[in-house]
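**Q** Respectively, the protein sequence lines represent chains H and U. Per the numbering used here, the first sequence starts with residue 5, numbered consecutively. Per the numbering used here, the second sequence starts with residue 19, numbered consecutively.
Think of the hints as simulated: they come from the structure by calculation, not from any bench. Small disclaimer: the values here were computed from a predicted structure and weren't measured. All C-beta atoms in this analysis are idealised placements derived from N, C-alpha and C, irrespective of residue type, glycine included. There may be inaccurate statements among the hints.
Facing chain H, a subset of chain U residues (Cβ under 7 Å, in silico) [as the list claims (entries may be wrong)]:
#1 Pro-247
#2 Tyr-308
#3 Ser-311
#4 Val-386
#5 Pro-390
#6 Thr-394
#7 Leu-419
#8 Ala-442
#9 Leu-445
Derived pair list, reagent style DSSO-like, types lysine-lysine, alpha-carbon separation capped at 27 Å [unchecked claim]:
#10 U:Lys-183 x U:Lys-490
#11 H:Lys-86 x U:Lys-490
#12 U:Lys-183 x H:Lys-625
#13 U:Lys-375 x H:Lys-603
#14 U:Lys-490 x U:Lys-321
#15 U:Lys-321 x U:Lys-183
#16 U:Lys-183 x H:Lys-603
#17 H:Lys-86 x H:Lys-222
#18 U:Lys-457 x H:Lys-86
#19 U:Lys-457 x U:Lys-80
#20 U:Lys-183 x U:Lys-132
#21 U:Lys-132 x U:Lys-457
#22 U:Lys-375 x U:Lys-321
#23 U:Lys-375 x U:Lys-457
#24 U:Lys-490 x H:Lys-603
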Amino acid sequence: MLMLISTVGIMVLIYSDNYMAYDQGYLRFFSYMSFFSISMLGLVTSSNLIQIYIFWELVGMCSYLLIGFWFTRPLAGNACQKAFVTNRVGDFGLLLGILGFYWITGSFEFRDLFEIFNNLIYNNQVNSPFVTLCAALLFAGAVAKSAQFPLHVWLPDAMEGPTPISALIHAATMVAAGIFLVARILPLFIVIPYIMNLISLIGTITVFLGATLALAQKDIKRGLAYSTMSQLGYMMLALGMGSYRNALFHLITHAYSKALLFLGSGSVIHSMETIVGYSPDKSQNMVIMGGLTKHVPITKISFLFGTLSLCGIPPLACFWSKDQILNDSSLYSPIFAIIAWSTAALTAFYMFRIYLLTFEGHLNSHFQNYCTNKNTLCYSISLWGKEGSSKSIKKDFHLIRMTNYQSFSFFSKKAKKAYPSDENVRKRTKGRPIVIVDTNNKKFYSYPYESENTMVFPLLVLVFFTLFVGFIGIPFNQEPTDLDILSKWLSPSINLLHQKTNDSINWYEFLKDAIFSVSIAYFGIFLASFLYKPIYSSFQNFDLINSFVKTGVKRNSSDKIINVIYDWSYNRAYLDSFYRASFTGSIRALTQLTLFFDKRVIDGITNGVGVISFFVAEGIKYIGGGRISSYLFFYFSCVSIFLFLSSSLSTLSSVFEVSFSFLVRMGEGILPK
Amino acid sequence: MLEQCYFDLSGLILCPVLGSITPLFIPNSRIRPIRLIGLCASLITFLYPPVLRIQFDPSTAKSQFVESLRWLPYENINFYLGIDGISLFFVILTTFLIPICILVGWSGMRSYGKEYITASLIREFIMIAVFCMLDPLLFYVLPESVPIPMLIIIGVWGSRQRKIKAAYQFFLYTLLGSVFMLLAILLILLQTGTTDLQISLTTEFSERRQMFLWIASFASFAVKVPMVPVHIWLPEAHVEAPTAGSVILAGIPLKLGTYGFLRFSIPMFPEATLCSTPFIYTPSAIAIIYTSSTTLRQIDLKKIIAYSSVAHMNLVTIGMFSRNIQGIGGSILPMSSHGLVSSALFLCVGVLYDRHKTRLVRYYGGLVSTMPNFPTIFFSSTLANMSSPGTSSFIGEFLILVGAFQRNSLVATLAALGMILGAAYSLWLYNRAVSGNLKPDFLHKFSDPNGREVSIFIPFIVGLVWMGVHPKVFPDCIHTSVSNLVQHGKFH
Numbered sequence: 005m006l007m008l009i010s011t012v013g014i015m016v017l018i019y020s021d022n023y024m025a026y027d028q029g030y031l032r033f034f035s036y037m038s039f040f041s042i043s044m045l046g047l048v049t050s051s052n053l054i055q056i057y058i059f060w061e062l063v064g065m066c067s068y069l070l071i072g073f074w075f076t077r078p079l080a081g082n083a084c085q086k087a088f089v090t091n092r093v094g095d096f097g098l099l100l101g102i103l104g105f106y107w108i109t110g111s112f113e114f115r116d117l118f119e120i121f122n123n124l125i126y127n128n129q130v131n132s133p134f135v136t137l138c139a140a141l142l143f144a145g146a147v148a149k150s151a152q153f154p155l156h157v158w159l160p161d162a163m164e165g166p167t168p169i170s171a172l173i174h175a176a177t178m179v180a181a182g183i184f185l186v187a188r189i190l191p192l193f194i195v196i197p198y199i200m201n202l203i204s205l206i207g208t209i210t211v212f213l214g215a216t217l218a219l220a221q222k223d224i225k226r227g228l229a230y231s232t233m234s235q236l237g238y239m240m241l242a243l244g245m246g247s248y249r250n251a252l253f254h255l256i257t258h259a260y261s262k263a264l265l266f267l268g269s270g271s272v273i274h275s276m277e278t279i280v281g282y283s284p285d286k287s288q289n290m291v292i293m294g295g296l297t298k299h300v301p302i303t304k305i306s307f308l309f310g311t312l313s314l315c316g317i318p319p320l321a322c323f324w325s326k327d328q329i330l331n332d333s334s335l336y337s338p339i340f341a342i343i344a345w346s347t348a349a350l351t352a353f354y355m356f357r358i359y360l361l362t363f364e365g366h367l368n369s370h371f372q373n374y375c376t377n378k379n380t381l382c383y384s385i386s387l388w389g390k391e392g393s394s395k396s397i398k399k400d401f402h403l404i405r406m407t408n409y410q411s412f413s414f415f416s417k418k419a420k421k422a423y424p425s426d427e428n429v430r431k432r433t434k435g436r437p438i439v440i441v442d443t444n445n446k447k448f449y450s451y452p453y454e455s456e457n458t459m460v461f462p463l464l465v466l467v468f469f470t471l472f473v474g475f476i477g478i479p480f481n482q483e484p485t486d487l488d489i490l491s492k493w494l495s496p497s498i499n500l501l502h503q504k505t506n507d508s509i510n511w512y513e514f515l516k517d518a519i520f521s522v523s524i525a526y527f528g529i530f531l532a533s534f535l536y537k538p539i540y541s542s543f544q545n546f547d548l549i550n551s552f553v554k555t556g557v558k559r560n561s562s563d564k565i566i567n568v569i570y571d572w573s574y575n576r577a578y579l580d581s582f583y584r585a586s587f588t589g590s591i592r593a594l595t596q597l598t599l600f601f602d603k604r605v606i607d608g609i610t611n612g613v614g615v616i617s618f619f620v621a622e623g624i625k626y627i628g629g630g631r632i633s634s635y636l637f638f639y640f641s642c643v644s645i646f647l648f649l650s651s652s653l654s655t656l657s658s659v660f661e662v663s664f665s666f667l668v669r670m671g672e673g674i675l676p677k
Numbered sequence: 019m020l021e022q023c024y025f026d027l028s029g030l031i032l033c034p035v036l037g038s039i040t041p042l043f044i045p046n047s048r049i050r051p052i053r054l055i056g057l058c059a060s061l062i063t064f065l066y067p068p069v070l071r072i073q074f075d076p077s078t079a080k081s082q083f084v085e086s087l088r089w090l091p092y093e094n095i096n097f098y099l100g101i102d103g104i105s106l107f108f109v110i111l112t113t114f115l116i117p118i119c120i121l122v123g124w125s126g127m128r129s130y131g132k133e134y135i136t137a138s139l140i141r142e143f144i145m146i147a148v149f150c151m152l153d154p155l156l157f158y159v160l161p162e163s164v165p166i167p168m169l170i171i172i173g174v175w176g177s178r179q180r181k182i183k184a185a186y187q188f189f190l191y192t193l194l195g196s197v198f199m200l201l202a203i204l205l206i207l208l209q210t211g212t213t214d215l216q217i218s219l220t221t222e223f224s225e226r227r228q229m230f231l232w233i234a235s236f237a238s239f240a241v242k243v244p245m246v247p248v249h250i251w252l253p254e255a256h257v258e259a260p261t262a263g264s265v266i267l268a269g270i271p272l273k274l275g276t277y278g279f280l281r282f283s284i285p286m287f288p289e290a291t292l293c294s295t296p297f298i299y300t301p302s303a304i305a306i307i308y309t310s311s312t313t314l315r316q317i318d319l320k321k322i323i324a325y326s327s328v329a330h331m332n333l334v335t336i337g338m339f340s341r342n343i344q345g346i347g348g349s350i351l352p353m354s355s356h357g358l359v360s361s362a363l364f365l366c367v368g369v370l371y372d373r374h375k376t377r378l379v380r381y382y383g384g385l386v387s388t389m390p391n392f393p394t395i396f397f398s399s400t401l402a403n404m405s406s407p408g409t410s411s412f413i414g415e416f417l418i419l420v421g422a423f424q425r426n427s428l429v430a431t432l433a434a435l436g437m438i439l440g441a442a443y444s445l446w447l448y449n450r451a452v453s454g455n456l457k458p459d460f461l462h463k464f465s466d467p468n469g470r471e472v473s474i475f476i477p478f479i480v481g482l483v484w485m486g487v488h489p490k491v492f493p494d495c496i497h498t499s500v501s502n503l504v505q506h507g508k509f510h
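Make a model of the complete structure from these sequences and hints.
**A** Here's what the structure looks like:
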């Protein structure tokens, strides 16, 4: 895990030197990134739950900062808030789970925790519903962080951040933290059967949901995000089945492949920006892409490798790990196995959909009007304010885009170059915040170009990893004792589990399963190419891809089903809107209620006391008129009322005696002696 | 009781008094020397506690630097000063916040500049005295005199007409509660013949009397905490007070209630405390959820922070009444850290208000593109407000939850639920004010915090991070006193 973070981290850092070179927040970006790496490393090296919790939150905070990196986009602002609050729900569970286990065992250290807990379980000294609850709460933390089913909503939105961030945080490292945590405390979970079932159930749901939702995303990064979610589901499923090793193996292989894919997509986006302008709605839209093979060959090849790996085609990395998970699932439960296998086909399908849409066919950039017309959320400039806000100034200045059309410098020279010009603009506009952008550079570069060396180099390194990282986990089965490298690394932790990992799969079975899974993957690929490949003519192409709901590939009865699936998938299974309606709505209602209560009732009591005393005082004012006779009248009338009452009391004393003496006794009791 | 007087604590107390008297002899027109004198006096006072800290012996639970002066010889009432691990940090916090307040009002307080300095320093005197006081009668007198300078500050330097109402509300609420406290103190005086805290601590009250005393003191402290439903004065007072007033109000007087519980209710009436724990837990847990959700609907920047303070203080009471070392020790930490956090947030609001003269969230947005440094400060305080790790409030709140979970896991769950809401409203506030698009129709002046403002913020940020990253210093000093408190109460 440590190696994973450092290698992916360094690759992403090199990559983003170029990617972010034009950005004003260059320095800020790198400080956030480094801070993130620190907290992530802290997280994986921590040996107790508190430390995990601290770094867990810090990682979440960095993720918040980085998602909201382009903070002037309201979408990014909302996304980062959503990510943080959703994660906070998980953290809440995590914290309570930690506290619960502290209460049970009296320790935060993993080692002591496992020992004490296992002893307690062994001696049957624990309250099992409570333990299950605590474990479920701990698991909730992992669910939120790893974007598992009920709390996954933040991950696709998190793609508002810069692409290197998506690669590092939301594909390779941070989202894997949840998996890491569950793997870490698996010795706790493994003795509670309910939790293991819950984990595998959640994993399966996520696998399937993520894969189906990835089917119809238009945004390349969102598609990848859902795919990440689905793959994380695989890992969760593996953990739920108790195969600790396979989960971590898949984590590693997936991290490399997905980082490669994200960086590749970043490179694509970067090249698209020259055509369609700085706007995530356009530059990330797969509808506009297509036929990029000519223009970005290296990116294309590396992206293809990543895609193939994720689909599970040997000998690429993900094949080895995914195959093992699928095997395990078939041993574990048939229903889960069916879902997992079918999802493997779906994975191949959506990955190739993304690949084909992006790189094959013709460039569809002339559809960009489609976007500008349709999407109201399209901000065609700029970090520092949307178009509307700088409208008044726009007349005077051309908007100078800072996506540079000259060569990139290796390091931050470009950024430095960019700043002075920006300063000048600022000075000229008397400190008003406009930016940036020269409109005429579109003329010069109407074609996307391959990214610079700094961006390509990490891609190639990751291709290398994607190709070969799978070998560390291949069960070379020459001798039963000789485990593969990964198992050796993990063996100290596995020993904690008090269980044997079942590595001795014989080659025959392995081959059989592998052929099955590969054929399933090929089936998916074939389906994807059938649907997306042959469509070349441009305008129909657009219609078909975008809304084959309406026109349809084949006009037959299956149209409706496709329709429904497409809608369901495109609208993210309506979960977002459901959450919005239910949770946000109910919280809004609750807050409305409390606000009303606060304003009217609590403040009302205070005001009421004030008003009443005002009226009482007004009333009393007239009594004190200064006339002796009225005073005398008041005085004597009071005395007579009192006398009357006391005389009537004495007649009724027999009735009141009991209660009165009781009152007296009460008074004695309460009042000080 | 021997009369002893050293120069440790009385010097600390006299320093602001001298500082507040001196400006009275300078004519109003020469505002600059007045301010300088005020600042110097408060800074000298600020230099005192570190000296005390060095001499302070954390290994004993007794009060240190004890001084005692005969005050009312008939009833054995002494002017009896001393600090222990619990009060040390409150003294430091007070002396830290007052120079900040004077700096905040440096150029803002054009009218009545001299009076402002005087009021601030008198307030400082009273509050230091409160935290050093070891005599319940004076512990009644002094907290009751805290609202007076506050009343003046809200009433004179507040921003709107509504300030009169707010000042009255603030004053009457606190007064109403503390009447019962006076009764309780008289009762203690009757039984023990003295109001010395040390003697009262060793006195055994009968259970029924303890209950009465406890309820009476609770009435006083609950208003000051403030607990729901007597919290309404706090947002009002905060909104109407000037920035410096809010800073100090959030920093110190808000802590008097919880400090009172800690110094008075818990050690003196242990049985009553045991019995009444549900009585504290229920309203506190309700208050956390209730005020947090109310916060989500507020539109006034200051009200948001004020309501969140209510939620945090109620978390403190939960920790306090969990009656174990984690809980009580943990509740002292967020009391001091909350003094920093909410003060820093109020200062941030003050910075915005100075520039744009509005406090409604609606008008703000996209500040980050015009004031790049300000959001950094604001974000650090926001993080601290939602008790993110690495900031001061995390340690305390975590300890409180650890403590509370052992007593009652349901209450701890509800309290932790407040954390989600806390993150929601803090981030919502930050996001709406700082990121997004600029609203040039509403906002015209753009300027980052100037040197004075940044220098005000730096100690806050340093303090927040230092407390969060290296919190060991604080439990070291507190621990003996707290464990003594827990053992004395025989809670185990």
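**Q** Run every hint past the structure and note whether it holds.
**A** Each hint tested on the structure:
1. For Pro-247 of chain U, the interface hint holds, the least distance from its beta-carbon to any beta-carbon of chain H being 5 Å, beneath 7 Å.
2. For Tyr-308 of chain U, the shortest C-beta to C-beta distance to chain H is roughly 5 Å, which falls under 7 Å, so the interface hint holds.
3. Interface restraint check for Ser-311 of chain U: the shortest CB-CB distance to chain H comes to about 4 Å, inside 7 Å, so the restraint holds.
4. Checking Val-386 of chain U against chain H: minimum C-beta separation of about 6 Å stays under 7 Å; hint holds.
5. With a least beta-carbon distance of about 9 Å to chain H, the hint placing Pro-390 of chain U at the interface is violated under the 7 Å criterion.
6. The closest approach between the C-beta of Thr-394 of chain U and any C-beta of chain H is roughly 10 Å, which is over the 7 Å cut-off, so the hint fails.
7. This hint holds: Leu-419 of chain U has a C-beta 6 Å from the nearest C-beta of chain H, less than the 7 Å allowed.
8. For the restraint placing Ala-442 of chain U at the interface with chain H, the shortest Cβ-Cβ distance is roughly 5 Å, inside the 7 Å limit, so the hint holds.
9. At about 5 Å, the closest approach between the beta carbon of Leu-445 of chain U and any beta carbon in chain H falls short of 7 Å, and the interface hint on this residue holds.
10. Taken as a hint, the Lys-183 of chain U and Lys-490 of chain U pair is broken in the structure, with Cα atoms around 43 Å apart against an allowance of 27 Å.
11. Among the hinted pairs, Lys-86 of chain H with Lys-490 of chain U is inconsistent with the structure: their alpha-carbon atoms are about 34 Å apart, more than 27 Å.
12. For the hint pairing Lys-183 of chain U with Lys-625 of chain H, the CA-to-CA distance comes to about 23 Å; that is within 27 Å, so the pair holds.
13. Distance hint between Lys-375 of chain U and Lys-603 of chain H is fulfilled; the C-alpha atoms sit about 24 Å from each other, no more than 27 Å.
14. Annotation: proposed proximity of Lys-490 of chain U to Lys-321 of chain U is violated, straight-line Cα distance about 33 Å (limit 27 Å).
15. Proximity of Lys-321 of chain U to Lys-183 of chain U is assessed by CA-CA distance (about 16 Å); at most 27 Å being required, the pair is judged to hold.
16. For the suggested pair Lys-183 of chain U and Lys-603 of chain H, the alpha carbons sit about 15 Å apart, so the restraint of at most 27 Å is met.
17. Pair hint Lys-86 of chain H plus Lys-222 of chain H holds up; C-alpha atoms about 21 Å apart against a cutoff of 27 Å.
18. Under the criterion of a C-alpha separation no larger than 27 Å, the hint pairing Lys-457 of chain U with Lys-86 of chain H is consistent with the structure, at around 23 Å.
19. This hinted pair does not check out: Lys-457 of chain U and Lys-80 of chain U have alpha carbons roughly 57 Å apart, beyond 27 Å.
20. With a C-alpha separation of about 25 Å, the suggested pairing of Lys-183 of chain U with Lys-132 of chain U holds against the 27 Å cut-off.
21. Taking the CA atoms of Lys-132 of chain U and Lys-457 of chain U, the gap is near 38 Å; set against the 27 Å cutoff, the hint is violated.
22. Taken as a hint, the Lys-375 of chain U and Lys-321 of chain U pair is honoured in the structure, with Cα atoms around 16 Å apart against an allowance of 27 Å.
23. With a CA separation close to 15 Å, the supplied pair Lys-375 of chain U and Lys-457 of chain U stays within the 27 Å bound.
24. Taken as a hint, the Lys-490 of chain U and Lys-603 of chain H pair is broken in the structure, with Cα atoms around 42 Å apart against an allowance of 27 Å.
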